[in-house]
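Could you build the full structure based on these sequences and the hints that come with them?
2 protein chains.
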Amino acid sequence: MRNVYFTPGPSALYFTVEHHLKQALKQGIASVSHRSDTFKAFFAEAESNLRTLVQLPDDYQLVFTHSASEIWEKMTDAFVAGKSLHLVNGAFAGKFYKVVKDLGKQADSVEAPWGELPRYAALPDTEYDLIGLVHNETSTGVKTPLAEIGRLRQQYPEALIALDAVSSLPVVDLNYADTDMVYASVQKAFGLPAGLGVWLLNDRARQRAMAMEQKGLLRQTLHNVTSLINQAKNHQTPSTPNILGIYLFAKVTGDMIDRGIRQIRNDGIYKAAIMYNMLDQHDVLRPFVQDKALRSDTIIVIDSGPRTHHLLDYLARHKMIAGNGYGKMKGKQVRIANFPTHSKEQFEMLADLIEKFK
Amino acid sequence: MRNVYFTPGPSALYFTVEHHLKQALKQGIASVSHRSDTFKAFFAEAESNLRTLVQLPDDYQLVFTHSASEIWEKMTDAFVAGKSLHLVNGAFAGKFYKVVKDLGKQADSVEAPWGELPRYAALPDTEYDLIGLVHNETSTGVKTPLAEIGRLRQQYPEALIALDAVSSLPVVDLNYADTDMVYASVQKAFGLPAGLGVWLLNDRARQRAMAMEQKGLLRQTLHNVTSLINQAKNHQTPSTPNILGIYLFAKVTGDMIDRGIRQIRNDGIYKAAIMYNMLDQHDVLRPFVQDKALRSDTIIVIDSGPRTHHLLDYLARHKMIAGNGYGKMKGKQVRIANFPTHSKEQFEMLADLIEKFK
Numbered sequence: 019m020r021n022v023y024f025t026p027g028p029s030a031l032y033f034t035v036e037h038h039l040k041q042a043l044k045q046g047i048a049s050v051s052h053r054s055d056t057f058k059a060f061f062a063e064a065e066s067n068l069r070t071l072v073q074l075p076d077d078y079q080l081v082f083t084h085s086a087s088e089i090w091e092k093m094t095d096a097f098v099a100g101k102s103l104h105l106v107n108g109a110f111a112g113k114f115y116k117v118v119k120d121l122g123k124q125a126d127s128v129e130a131p132w133g134e135l136p137r138y139a140a141l142p143d144t145e146y147d148l149i150g151l152v153h154n155e156t157s158t159g160v161k162t163p164l165a166e167i168g169r170l171r172q173q174y175p176e177a178l179i180a181l182d183a184v185s186s187l188p189v190v191d192l193n194y195a196d197t198d199m200v201y202a203s204v205q206k207a208f209g210l211p212a213g214l215g216v217w218l219l220n221d222r223a224r225q226r227a228m229a230m231e232q233k234g235l236l237r238q239t240l241h242n243v244t245s246l247i248n249q250a251k252n253h254q255t256p257s258t259p260n261i262l263g264i265y266l267f268a269k270v271t272g273d274m275i276d277r278g279i280r281q282i283r284n285d286g287i288y289k290a291a292i293m294y295n296m297l298d299q300h301d302v303l304r305p306f307v308q309d310k311a312l313r314s315d316t317i318i319v320i321d322s323g324p325r326t327h328h329l330l331d332y333l334a335r336h337k338m339i340a341g342n343g344y345g346k347m348k349g350k351q352v353r354i355a356n357f358p359t360h361s362k363e364q365f366e367m368l369a370d371l372i373e374k375f376k
Numbered sequence: 019m020r021n022v023y024f025t026p027g028p029s030a031l032y033f034t035v036e037h038h039l040k041q042a043l044k045q046g047i048a049s050v051s052h053r054s055d056t057f058k059a060f061f062a063e064a065e066s067n068l069r070t071l072v073q074l075p076d077d078y079q080l081v082f083t084h085s086a087s088e089i090w091e092k093m094t095d096a097f098v099a100g101k102s103l104h105l106v107n108g109a110f111a112g113k114f115y116k117v118v119k120d121l122g123k124q125a126d127s128v129e130a131p132w133g134e135l136p137r138y139a140a141l142p143d144t145e146y147d148l149i150g151l152v153h154n155e156t157s158t159g160v161k162t163p164l165a166e167i168g169r170l171r172q173q174y175p176e177a178l179i180a181l182d183a184v185s186s187l188p189v190v191d192l193n194y195a196d197t198d199m200v201y202a203s204v205q206k207a208f209g210l211p212a213g214l215g216v217w218l219l220n221d222r223a224r225q226r227a228m229a230m231e232q233k234g235l236l237r238q239t240l241h242n243v244t245s246l247i248n249q250a251k252n253h254q255t256p257s258t259p260n261i262l263g264i265y266l267f268a269k270v271t272g273d274m275i276d277r278g279i280r281q282i283r284n285d286g287i288y289k290a291a292i293m294y295n296m297l298d299q300h301d302v303l304r305p306f307v308q309d310k311a312l313r314s315d316t317i318i319v320i321d322s323g324p325r326t327h328h329l330l331d332y333l334a335r336h337k338m339i340a341g342n343g344y345g346k347m348k349g350k351q352v353r354i355a356n357f358p359t360h361s362k363e364q365f366e367m368l369a370d371l372i373e374k375f376k
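If you read the protein sequences in the order shown, they are chains A and B. For what it's worth, my numbering labels the leading residue of the first sequence as 19, then goes sequentially. For what it's worth, my numbering labels the leading residue of the second sequence as 19, then goes sequentially.
Wrong hints could be hidden among the right ones.
To be verified - With a straight-line cut-off of 30 Å between C-alpha atoms, the simulated DSS-like cross-links for lysine-lysine are:
| no. | chain 1 | residue 1 | chain 2 | residue 2 |
| --- | --- | --- | --- | --- |
| 1 | A | 58 | B | 40 |
| 2 | B | 44 | A | 123 |
| 3 | A | 44 | B | 119 |
| 4 | A | 337 | B | 58 |
| 5 | B | 337 | A | 362 |
| 6 | A | 233 | B | 116 |
| 7 | A | 337 | B | 337 |
Just so you know, these hints were derived from the structure itself, not from any lab.
Right, dumping it as structure tokens:
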């Protein structure tokens, strides 16, 4: 029996990936030119599938990068002329804030303790070019209620809203009118091998980047945002991309459409409920996030304290690989991914095991 | 029968890749954390294997990027405070030159027509921070004789020498004392799926980057050269990398060691000789590069003129996929990769087919 990975990312591959990888080898996908019609066809398929899967509005463009973390730098270059605001309640929100400051731009942050949400009702009365927030903090298991994102839009109508949905896309049902950019990694809820970032930008973001470029403020690189967008319009990339990754993305999003996004989302809610309900009644463990409205559906964090390594080892003996706490919480928490590839049966088995843990 | 890809990159996968990919799936390699000991172990294996394979001196460090083309930007940020010099005799040398200028740095270029070499004997008498040259121009099939690289070192002892070996590493037997950096893509002579760049830097380069950083001149990003080097020393990367790509790199370099680099290099010379000899005597085709000393062993460019599409189609009907000309030579030339994965038998068949072409 193979290990089942409940790690928050890289995580278990979507259950159809192995099949598609074998098909790709048969068809020589890794050898086709990224300038060929074959490549353009599966880039187009990837885009069209994602559009269908998450009901992406027409004014959003998909571009591929090599990772989500490089998008922070590209956003800073393209969109921050004055100042950015960052809602920081975990490691990843904090990393974007640090990138902006390290690049010599001005940035404000509103911080909240890990496990909580920044106070959206008490944000600075300042003009920002861009606001960065994390829908689903992979480090803490806190999700941002979607209504808060809409509230940001109302308070800062001029700012671009950049939403990190690294560990929740495509499971989360976003209102894309409340954001200008959404970005994700494929090695999390998409269930794909690491090495590809997904960046969705609307026309407003594109126009801001073009305006920056016209003013000579956009760093001119091969892979900056205007270059990525211009190439993506023709289902191309500025240089040789992770071709196999884009092919697998097209195929897996197609499989997810066939399964039905509503089904995937409902399954996710069911699996999260099993786990949180069990944890709420556990003898020695508890959910890290106290406020039930903030508990992530896709990243479930267990406050396991000194029992952390014992719990991880116990699960590993049963071929279930869970994640350690992130950063300062390493050795103090266990993180469990609840992604579309994790079946209800696997999750029930995992919850049963954890329930018996002492 | 599957197609055989003689395209210059992406090209045919190394013949063991399919096996290793299946093993990786069985072992859950795509799901392991990039902070795990498992990951560190195959990063270490990749480094150790490459060191053995190309006889890399101890003072060189291997870092992985997502592509070779992003290295141009990182080198500009890290090493060009004053001015760089670029020896431009094809598209890829020209792209690096353009990146430096686009980033607002000073750069000189010495240009040569496609198919020829810049005049190394008549270079500017100026001080440069960095000199960029291409060992093997993938766009033209011209190789730079290794003695010319040593001559550069003598003329510019202070400059860092950055050698693009994108389509010749690990086949070329470099003198690493004549360079400070060498970089390559894995989808060419390594025979791996695209989505990984290989960057070798010596201590001198590392110290220059640190000096730039101390002066506040190094752009502070998550993935700049000092961050990549510091992480690589612990067999780590700043953010989630192409984990599967690094695993496959470790395995394929191991296979190449088992086969023997001398054997690989001798096979390459034999295959190139077959092709060039046939082309020299062909009725309607000829090698693009006139000077035999400049003819690349790994990228063989055929001057096919108006017959280009006819030749490509003719080969494709025999399941042999060759590359079109690059950029301005599209539709006028055919490019053939001669990489370690291409067997002598495949090459003989290909040469026989081309010989019969009219």
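Satisfaction of hint between residue 123 of chain A and residue 44 of chain B, Cα-Cα up to 30 Å: This hinted pair is violated, its Cα atoms lying about 46 Å apart.
Holds or violated: residue 337 of chain A to residue 58 of chain B, with C-alpha atoms at most 30 Å apart: holds (21 Å)
Pair hint outcome, residue 337 of chain A versus residue 337 of chain B [Cα-Cα no greater than 30 Å]: Between residue 337 of chain A and residue 337 of chain B the Cα gap is close to 44 Å, so the pair fails against 30 Å, i.e. violated.
Holds or violated: residue 337 of chain B to residue 362 of chain A, with C-alpha atoms at most 30 Å apart: This hinted pair is violated, its Cα atoms lying about 45 Å apart.
Given hint residue 116 of chain B paired with residue 233 of chain A - CA-CA distance at most 30 Å: holds (20 Å)
Pair hint residue 44 of chain A and residue 119 of chain B, alpha-carbon separation not exceeding 30 Å: violated (43 Å)
Hint consistency between residue 58 of chain A and residue 40 of chain B [alpha-carbon to alpha-carbon, up to 30 Å]: Distance ~27 Å between residue 58 of chain A and residue 40 of chain B Cα, so the pair holds.
Checked against the numbered hints given earlier, this structure breaks hints 2, 3, 5, 7; the rest are met.
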